[in-house]
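K.L.:
Chains as they are written, first to last, in my numbering: chain W, 1 to 180; chain X, 1 to 437.
It should be emphasised that the hints constitute simulated quantities derived from the structure, not laboratory data.
Where is the CB? At the ideal position from N, CA and C, for every residue including glycine.
Please note that a few of the clues may not be correct.
Claimed, not checked - Residues of chain W clear of chain X, computed beta-carbon distances all greater than 10 Å:
(1) Glu116
(2) Ile130
(3) Gln171
As the list claims (entries may be wrong) - Going by beta-carbon spacing under 10 Å, a handful of chain X positions derived as facing chain W:
(4) Ile43
(5) Leu50
(6) Glu63
(7) Val398
(8) Leu400
Here are the chains, one letter per residue:
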Amino acid sequence: MPETDRYYIERCLDGHPDDFRYLVRSYQAVLLAHLAGKLGNKDKAEEAAQESFVRAYFGLKSLNKPESFFCWLFGIADRVAKEHQRREQIRQQRETIRSFSEENPSPELSQDYALEAAIAGLPETYRQVILLRYYGGQSCNQIADKLDMPLGTVTKTLSRAYAMLRQSLQQHERSEVGEV
Amino acid sequence: MNCAEYRELLVAYIEGLLNETEKRLVAQHLRDCAVCRAELKQISNLYSRLVSNGKKLAQTNLEDVVLERIITEQNVRLRAASKIGAGLNIRRIIMESRIMKFAAAAVIIVATVLGLHLFNPFRATVTFADVIEPILKARTVVLDFIVGSEETGPVMHDIIVGSKIRRTITISNMETIMIIDLDNAKMLTLDPSSKGAALVDIKGYLREGTRNLIEFVRNAVIRVKDRPDIPVQELGQREIDGRKVVGFLVRGHNEEVTIWADAQTAQPIRIELLLGQTLYILKNIKFDVPVDETLISMEPPAGYTLSDKQFDMSQFTEQDFITVLRLWVEHVLGGSFPQSLTVGDLMSLTPRLGEKIGQLNISDEEKTQLGMTLGRGFVFFQQMGPSGIDWHYAGSGVKLGEADKAIFWYRPKGSATYRVIYGDLSVKDVAPDDLPK
């Protein structure tokens, strides 16, 4: 709820860093799901989520609209993810050169990597609604409030997001079958 | 409704978002249509998958580890900042906490209000010359204002409209705006970074000093006018910012005013003012530029939150000044008194003092109070010059606690003896003959 976010943000700015805990609690699952989808690995997602929160904390003073904390946090997470991916690419290139013959260890995926990847691939609005609903534990009414859209639009967005997710999951399954 | 339309409603159906009529219709259709039933099965599979994945991720707890990282990072930043000293990093840390920021702001606010009365001598003093016309007629004046050295002193930007002044000061990239209403003895302070605003009472010296000084200068001017034996020294021509200017110098008891005016238009463009031991420079002066009246409104602009606390700057004591010295010496200079003591030194110091206050283990309320105490301490020191109080600083090389070494003395108005502050910050009354040599 935006009001609560605002309250805790102000507490943090007034010198009570411990109250940042509540913001972490509200958004950790949302952020993890988002990052796991992007990074494809639970540990990496956790590391990136931690880093995003820490950066958010030190950047709170530059957040002009506390009610849009959620979207802002996601912007930070996206940047962190991009940096991690870049680092990961470099690491892998080095790895490839070093252990040419060694078999690539299969990446340790998250619980439901296919699903998380599909969510990460959704257009922004659809992704936000899915994440808030199932990872942020918010009702459609709360989401309508947070994203400032009518309940009917949230319902429609959710419905379309389902359709897109199913399509993307089907493609994923087909490609896996194809690989075998 | 056809199948496609029913399918549109299935997500809302399992999410429980449909009204009774819609729900009944969908349920009925599902009984009759196997294709839509299969579709519902697919959707509820995805629903369960989302819910269970969401629950799993919610079990991961990042709270403690994030908090720990924040504390570690905070400490790293503090250490780095204390190494680098003043400047940007300090500012960042001050910005971390609004209260910390306010404590610093309180000091800066007061330090800069002190410039108030400086405008007035300039306004009155120039009446002796040809340059008087544009100044007296001008409704608005815009200028930059520097305390101390032109290279290192803090710069303020003033927009003056009648008895109202909008002053913007930037110290270590930390910006504070003050809107000063001399008629009502009120000041509105705005902090652009936190969007905080506060009203400060500046009755007493801060305003009265201003008025007395106007009178003082007016009298001086009248004296100059009526008595040709009091000299106005002509400084001849020079160039400032590509303009030919002529200079005048007037010496009073306790002040020295130099005015540089455009040789053609007679408009003053630069004024140097030595008051007691402090040099003030007014430059880039412009008259009657159009000013947006909202800039000098005493209402906080949209988006600012006005503090409900009352701030009072009307009283200040020697004890406030001693608190400034103690905090400065103990927390910034590591126990030694500074080499010199000037208004410019104190103003440049404010961000660091604000930072130190922020780090003290006291409540937010106490931090704000301490900030205001420091502000009053500044007023106490700063008003000495303009008030004609004789003072002397001798603290260079003295360590905090050296009770036998006098670091500062002054003679209060109307007093026969001096107040002498020693290295342990104790104070004694001393006869003029017994002062340290």
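K.L.:
State for each hint whether it applies.
P.N.:
Hint-by-hint comparison with the structure:
no., hint, in the structure
1, Glu116, "violated, 7 Å"
2, Ile130, "violated, 7 Å"
3, Gln171, "holds, 14 Å"
4, Ile43, "holds, 6 Å"
5, Leu50, "holds, 4 Å"
6, Glu63, "holds, 5 Å"
7, Val398, "violated, 34 Å"
8, Leu400, "violated, 28 Å"
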